[in-house]
Amino acid sequence: GAGVSQSPSNKVTEKGKDVELRCDPISGHTALYWYRQSLGQGLEFLIYFQGNSAPDKSGLPSDRFSAERTGGSVSTLTIQRTQQEDSAVYLCASSLDGRGQGSAGELFFGEGSRLTVL
Amino acid sequence: GNSVTQMEGPVTLSEEAFLTINCTYTATGYPSLFWYVQYPGEGLQLLLKATKADDKGSNKGFEATYRKETTSFHLEKGSVQVSDSAVYFCALRPSKAAGNKLTFGGGTRVLVKP
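First to last, the sequence lines map onto chains D and F. First residue of the first sequence? That's 1 in the numbering used here, and the numbers climb one at a time after it. First residue of the second sequence? That's 1 in the numbering used here, and the numbers climb one at a time after it.
The set of hints was computed from the structure by calculation and includes no laboratory data. Don't be surprised by glycine CBs; every beta carbon is placed ideally from N, CA and C. A few of these clues could be false.
Short derived list, chain F residues pointing at chain D, Cβ under 7 Å [claimed, not checked]:
| # | residue |
| --- | --- |
| 1 | Val-11 |
| 2 | Pro-40 |
| 3 | Gly-43 |
| 4 | Leu-44 |
| 5 | Asn-100 |
| 6 | Lys-101 |
| 7 | Phe-104 |
| 8 | Gly-105 |
| 9 | Gly-106 |
Derived pair list, reagent style DSBU-like, types lysine-lysine, alpha-carbon separation capped at 35 Å [unchecked claim]:
| # | chain 1 | residue 1 | chain 2 | residue 2 |
| --- | --- | --- | --- | --- |
| 10 | D | Lys-57 | F | Lys-68 |
| 11 | D | Lys-15 | D | Lys-57 |
| 12 | D | Lys-11 | D | Lys-57 |
| 13 | F | Lys-60 | F | Lys-77 |
| 14 | F | Lys-77 | F | Lys-113 |
| 15 | F | Lys-56 | D | Lys-57 |
| 16 | F | Lys-52 | F | Lys-77 |
| 17 | F | Lys-113 | F | Lys-56 |
| 18 | D | Lys-11 | F | Lys-113 |
| 19 | D | Lys-57 | F | Lys-52 |
| 20 | F | Lys-52 | F | Lys-68 |
| 21 | F | Lys-60 | F | Lys-113 |
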């Protein structure tokens, strides 16, 4: 499809295991974002990629979290040694240009990956 | 820092009722303001936006006016439908220099009953 695609849609894991979440942005979008939505909470910014620039990692909650974006397209969010508090819906979004030129704040979101850590 | 506060839900109302969801923000400079909506089983999508003070954003019968004096961007709709049942998120972009890294409020769940 033409939208942002995320996988898996649901992931159940045991505490201490590593997980990888994948995001396939809209073709041609140079900016990619990861957010986290915990139960009863708003969207918490995690990390932002803009083209070939160094990513803005200011929202990553701990060094167990990392993300990469290969070839300016697909991104993978990795959570190492998962904890129960990592349980949340992880949302990926993309936009035409993260610097706000021509896109004026419109992010296109995927449906999210729901992570449950037992 | 930047923050967005919106009324907690859930908000339950009958079809054709008037809907208001309050949103206030804290930001330095001149932010742009947005409402995003998340329908059941779908990703968030942009509903409307306003980029400067006194601008009014509108879409699908919803409206919100950027009020700098009260740092607010309340969402309103005069006559809701069952299909408006969703979670609504208020958000801000601090400045163009910040790119599209948005700060979101906690979301307000709206349930419209027939």
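- Item | Pair hint outcome, Lys-11 of chain D versus Lys-113 of chain F [Cα-Cα no greater than 35 Å] | Holds: Lys-11 of chain D and Lys-113 of chain F sit about 33 Å apart, inside 35 Å.
- Message: Need the status of pair Lys-60 of chain F, Lys-113 of chain F: alpha-carbon distance at most 35 Å?
- Response: Holds, because 19 Å separates the two Cα atoms, which is no more than 35 Å.
- Agreement of hint Gly-105 of chain F with chain D interface, Cβ distance less than 7 Å: At 5 Å from the nearest chain D Cβ, Gly-105 of chain F passes the 7 Å test, so the hint holds.
- Item | Agreement of Lys-15 of chain D and Lys-57 of chain D with the hint, judged by alpha carbon distance not exceeding 35 Å | holds (24 Å)
- Interface hint for Phe-104 of chain F, Cβ within 7 Å of any Cβ on chain D: Where the cut-off is 7 Å and the nearest Cβ of chain D is about 4 Å from Phe-104 of chain F, the hint holds.
- Query: Is the hint on Leu-44 of chain F kept, meaning its closest Cβ partner in chain D is under 7 Å away?
  - Reply: holds (4 Å)
- Message: With the threshold set at 35 Å, check whether the alpha-carbon distance from Lys-57 of chain D to Lys-68 of chain F stays at or below it.
- Response: holds (30 Å)
- Hinted pair Lys-52 of chain F and Lys-77 of chain F, Cα distance within 35 Å: Holds, at roughly 21 Å.
- Taking 35 Å as the top limit, are the C-alpha atoms of Lys-60 of chain F and Lys-77 of chain F close enough? With a Cα-Cα distance of about 9 Å, the restraint between Lys-60 of chain F and Lys-77 of chain F holds, given a limit of 35 Å.
- Does Lys-57 of chain D lie within 35 Å of Lys-11 of chain D when you go C-alpha to C-alpha? holds (24 Å)
- Mind checking the alpha carbons of Lys-113 of chain F and Lys-56 of chain F for me, to see if they're no more than 35 Å apart? holds (28 Å)
- Message: Does Gly-106 of chain F hold up as a contact with chain D if the rule is Cβ-Cβ below 7 Å?
- Response: holds (4 Å)
When held up to the earlier numbered hints, the structure conflicts with 1 and 2 and fits the remainder.
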